[in-house]
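**Student:** One letter stands for each residue in the lines below.
2 protein chains.
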Amino acid sequence: MPVGTLANVKTITPAQLKDTGAQMVLSNTYHLHLQPGEAIVAGGGGLHKFMGWNGPMLTDSGGFQVFSLSEMRKITEEGVTFRSPHDGQIINLTPEKSIEIQNILGADVIMAFDECPPYPATREEVETATARTYRWLERCIAAHQRTDQALFGIVQGGVYLDMRSSAASSLAAFDLPGYAIGGVSVGEPPELIHQIVEATAPLLPYHKPRYLMGVGTYQEMAIAIASGIDLFDCVIPTRWARHGTAMVQGERWNIKNAKFREDFTPLDETCPCYTCQNFSRAYLSHLVRCQEILAYTLLSIHNITELIRFTQKIRQSIINGTFATDFAIWLDTSNESKVLSAE
Amino acid sequence: MPVGTLANVKTITPAQLKDTGAQMVLSNTYHLHLQPGEAIVAGGGGLHKFMGWNGPMLTDSGGFQVFSLSEMRKITEEGVTFRSPHDGQIINLTPEKSIEIQNILGADVIMAFDECPPYPATREEVETATARTYRWLERCIAAHQRTDQALFGIVQGGVYLDMRSSAASSLAAFDLPGYAIGGVSVGEPPELIHQIVEATAPLLPYHKPRYLMGVGTYQEMAIAIASGIDLFDCVIPTRWARHGTAMVQGERWNIKNAKFREDFTPLDETCPCYTCQNFSRAYLSHLVRCQEILAYTLLSIHNITELIRFTQKIRQSIINGTFATDFAIWLDTSNESKVLSAE
Chain Y
1 MPVGTLANVK TITPAQLKDT GAQMVLSNTY HLHLQPGEAI VAGGGGLHKF MGWNGPMLTD
61 SGGFQVFSLS EMRKITEEGV TFRSPHDGQI INLTPEKSIE IQNILGADVI MAFDECPPYP
121 ATREEVETAT ARTYRWLERC IAAHQRTDQA LFGIVQGGVY LDMRSSAASS LAAFDLPGYA
181 IGGVSVGEPP ELIHQIVEAT APLLPYHKPR YLMGVGTYQE MAIAIASGID LFDCVIPTRW
241 ARHGTAMVQG ERWNIKNAKF REDFTPLDET CPCYTCQNFS RAYLSHLVRC QEILAYTLLS
301 IHNITELIRF TQKIRQSIIN GTFATDFAIW LDTSNESKVL SAE
Chain E
1 MPVGTLANVK TITPAQLKDT GAQMVLSNTY HLHLQPGEAI VAGGGGLHKF MGWNGPMLTD
61 SGGFQVFSLS EMRKITEEGV TFRSPHDGQI INLTPEKSIE IQNILGADVI MAFDECPPYP
121 ATREEVETAT ARTYRWLERC IAAHQRTDQA LFGIVQGGVY LDMRSSAASS LAAFDLPGYA
181 IGGVSVGEPP ELIHQIVEAT APLLPYHKPR YLMGVGTYQE MAIAIASGID LFDCVIPTRW
241 ARHGTAMVQG ERWNIKNAKF REDFTPLDET CPCYTCQNFS RAYLSHLVRC QEILAYTLLS
301 IHNITELIRF TQKIRQSIIN GTFATDFAIW LDTSNESKVL SAE
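For the protein sequence lines, the chains are Y and E, in the order given. Numbering (full-length UniProt numbering) for the first sequence: 1 to 343. Numbering (full-length UniProt numbering) for the second sequence: 1 to 343.
These are calculated hints, taken from the structure and not from any lab test. All figures in this text were calculated on a predicted structure; none of them were measured in a lab. Worth double-checking, as some hints may not be accurate.
Remember, identical chains collapse to one label, so a pair may be satisfied in a single copy or spanning two.
Once the Cα atoms are required to be at most 30 angstroms apart in a straight line, the calculated BS3-like pairs of lysine-lysine come out as [unchecked claim]:
id	residue 1	residue 2
1	K49	K256
2	K97	K256
3	K313	K74
4	K208	K313
5	K18	K256
6	K97	K313
7	K97	K74
8	K49	K74
9	K74	K18
10	K259	K49
11	K74	K208
From just these sequences and the hints, can you work out the full model?
**Tutor:** Below you can see the structure in the form of structure tokens.
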């Protein structure tokens with residue numbers, strides 16, 4: 001899922017997004033609650049109609065953003081109180097409130113409100129957060145009002161694999177329509193992400209969608225898919241695009257590099273995206289050097305297409321029974337040169 | 001003609017531009033000479049292929065930009081010497097050099113290198129510039145190498161109508177494929193633009209394209225068309241879009257205005273553009289408030305479509321023989337409320 005934080009995937013239109021092959025979009029409860037507010041989104045006919053995306057959508061619960069972005073937060077059993085970085089007002093977010101906002105926003109999949117411990121955190125801190133996330137899930141389930149929205153639970157547990165296993169098993173008992181692994185990609189080394197996913201994903205119901213939150217680089221996706229993960233979200237393709245970075249066949253290129261100035265080939269001759277079909281590396285390099293906004297649009301289109309194609313190829317190789325061999329280079333965690341982590 | 005200064009119309013793709021109904025695009029010799037340089041544009045197959053625009057294109061000569069943008073310029077009979085604001089290097093631009101660059105860039109229409117006097121300027125200053133522009137045109141014609149590019153001459157003369165008339169008549173004698181009125185919209189009041197156009201356009205050959213440079217608001221286009229003008233260029237639709245301004249049925253709206261926050265209608269229900277077909281004023285207001293780049297894309301698409309539709313309606317009314325009555329409100333220069341000038 002490309003990320004559409006403020007009810008848009010940055011720099012591209014829904015029509016351009018559809019052409020990348022993306023099927024589902026994530027948007028952020030926390031950000032939309034602050035701007036423009038869920039009442040305005042509902043007034044516009046709900047998130048799909050408001051932002052012009054006719055495909056599936058997911059909203060996160062705001063849990064991750066409250067813990068990573070907000071100032072002056074105070075956590076109690078009831079919920080979280082924090083000061084809005086947008087306008088300074090004091091905001092309370094509880095499991096019930098998060099679900100209410102998500103019911104109003106109207107995405108197809110909504111997420112339980114969780115407590116996401118930082119990295120590093122002590123075993124005791126993570127235990128407290130994981131136990132509270134479980135109790136908050138019970139309250140989310142009770143608060144959820146709409147039968148046309150699927151509520152997913154979130155497994156926490158930090159880097160403590162026994163806690164991850166135990167949380168996964170206890171969440172599976174709720175028989176929810178889908179499950180997520182949260183609290184990863186919060187600063188820990190990629191090897192730990194791999195260990196967490198390998199210890200957790202197989203314990204979640206294999207016939208339900210399994211979602212690894214906040215992850216979306218080549219290797220991390222390949223390894224997670226090998227453990228059974230179906231769904232990802234990541235800002236990397238669009239954020240890197242806005243920094244002038246192209247993702248090409250597993251590599252990361254700074255398109256401002258002098259070698260692209262007179263390179264009149266497309267980014268990737270095998271890529272069907274609008275950017276590769278119409279423009280050269282030299283043109284993209286020119287636009288990035290001039291800080292022309294169109295550069296970010298064209299690179300976002302390409303980067304999203306690139307990552308979607310990567311997952312499409314994995315899907316086909318699974319159908320063919322050749323995943324382990326076709327993607328051996330990505331599944332080999334000793335191959336450090338291929339580990340592309342987020343900034 | 002929407003303006004594509006650096007080989008792109010800011011914030012929109014050529015595909016989006018085509019959907020606005022735009023037929024022809026302007027790009028800037030001065031800017032492209034500095035970045036990326038005409039050799040790279042030629043290496044990319046010429047301007048059309050480099051920027052992915054398959055329709056007609058025009059390049060200006062750089063004359064206007066040399067006089068309006070550059071620092072430390074020195075004007076002699078030979079040409080202009082100035083310091084590049086991009087990288088500080090000293091650049092010489094002469095009629096021959098401008099034509100050479102434009103021959104290399106490869107637009108369908110290229111412009112003579114002219115001296116554009118500022119406003120205000122004394123009669124003597126304007127006389128000198130106008131006479132030099134005439135001599136430079138002779139050198140441009142001699143230097144022009146490509147038979148597949150049409151070279152247009154430019155009438156100067158400042159706000160001195162007798163000088164405009166005399167320049168128009170002497171240029172007409174060259175039997176060029178098209179003519180432009182330059183040196184307007186340089187700070188003078190709109191009434192003076194109207195007087196200049198009314199005094200000049202009718203003296204240019206009516207069976208050749210007549211182009212009013214740098215103009216493109218509703219009233220100024222309507223009045224110029226009444227005098228025989230066929231072609232315009234203007235940055236207003238895209239520049240205003242990047243400032244959060246929508247052009248709607250002759251009006252100028254600040255889309256951040258509170259009244260749009262919960263207005264779930266499109267900008268213009270009669271507009272066929274992608275923006276009006278898919279998004280509400282409330283959504284656009286949300287994007288502008290959040291400074292999301294997509295806002296500028298969507299407003300650019302609408303604003304260009306709006307101005308193109310305005311000229312399409314004028315064309316149809318001319319065919320119908322109803323122009324003077326249908327556009328009476330725009331042709332009435334005493335109607336100050338309708339005068340939308342550029343920033």
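**Student:** All hints are to be evaluated individually against the structure, with a verdict given for each.
**Tutor:** Consistency of the hints with the structure:
Taking the shortest Cα distances, K49 and K256 sit within 30 angstroms of each other only across copies (20 angstroms), while inside one copy they are farther apart (37 angstroms). For a Cα distance limit of 30 angstroms, the shortest separation of K97 from K256 across copies, 28 angstroms, qualifies, whereas the shortest one inside one copy, 45 angstroms, does not. Proximity of K313 and K74 under a CA criterion of 30 angstroms is satisfied in neither setting, with 44 angstroms inside one chain copy and 60 angstroms between copies. When the C-alpha separation of K208 and K313 is checked against a cutoff of 30 angstroms, the pair qualifies only within one copy, where the shortest distance is 21 angstroms, while the shortest distance between copies is 56 angstroms.
In the homo-oligomer, the alpha carbons of K18 and K256 lie at most 30 angstroms apart both inside one protomer (27 angstroms) and across protomers (28 angstroms), since each shortest distance falls under that limit. Taking the closest pair of Cα atoms, K97 and K313 never come within 30 angstroms of each other, the shortest separation being 40 angstroms inside a single copy and 52 angstroms across copies. With identical chains, the CA atoms of K97 and K74 are at most 30 angstroms apart within one copy only, with a shortest distance of 16 angstroms there and 67 angstroms across copies. Taking CA atoms no more than 30 angstroms apart as the test, K49 paired with K74 passes in neither setting, with 35 angstroms inside one copy and 57 angstroms between copies.
Taking identical chains as interchangeable, the C-alpha atoms of K74 and K18 are never at most 30 angstroms apart, the minima being 40 angstroms within one chain and 52 angstroms between chains. Proximity of K259 and K49 under a CA criterion of 30 angstroms is satisfied inter-copy only: 20 angstroms between copies versus 43 angstroms inside one chain copy. In the homo-oligomer, the alpha carbons of K74 and K208 never lie at most 30 angstroms apart, since the shortest distance is 34 angstroms inside one protomer and 73 angstroms across protomers.
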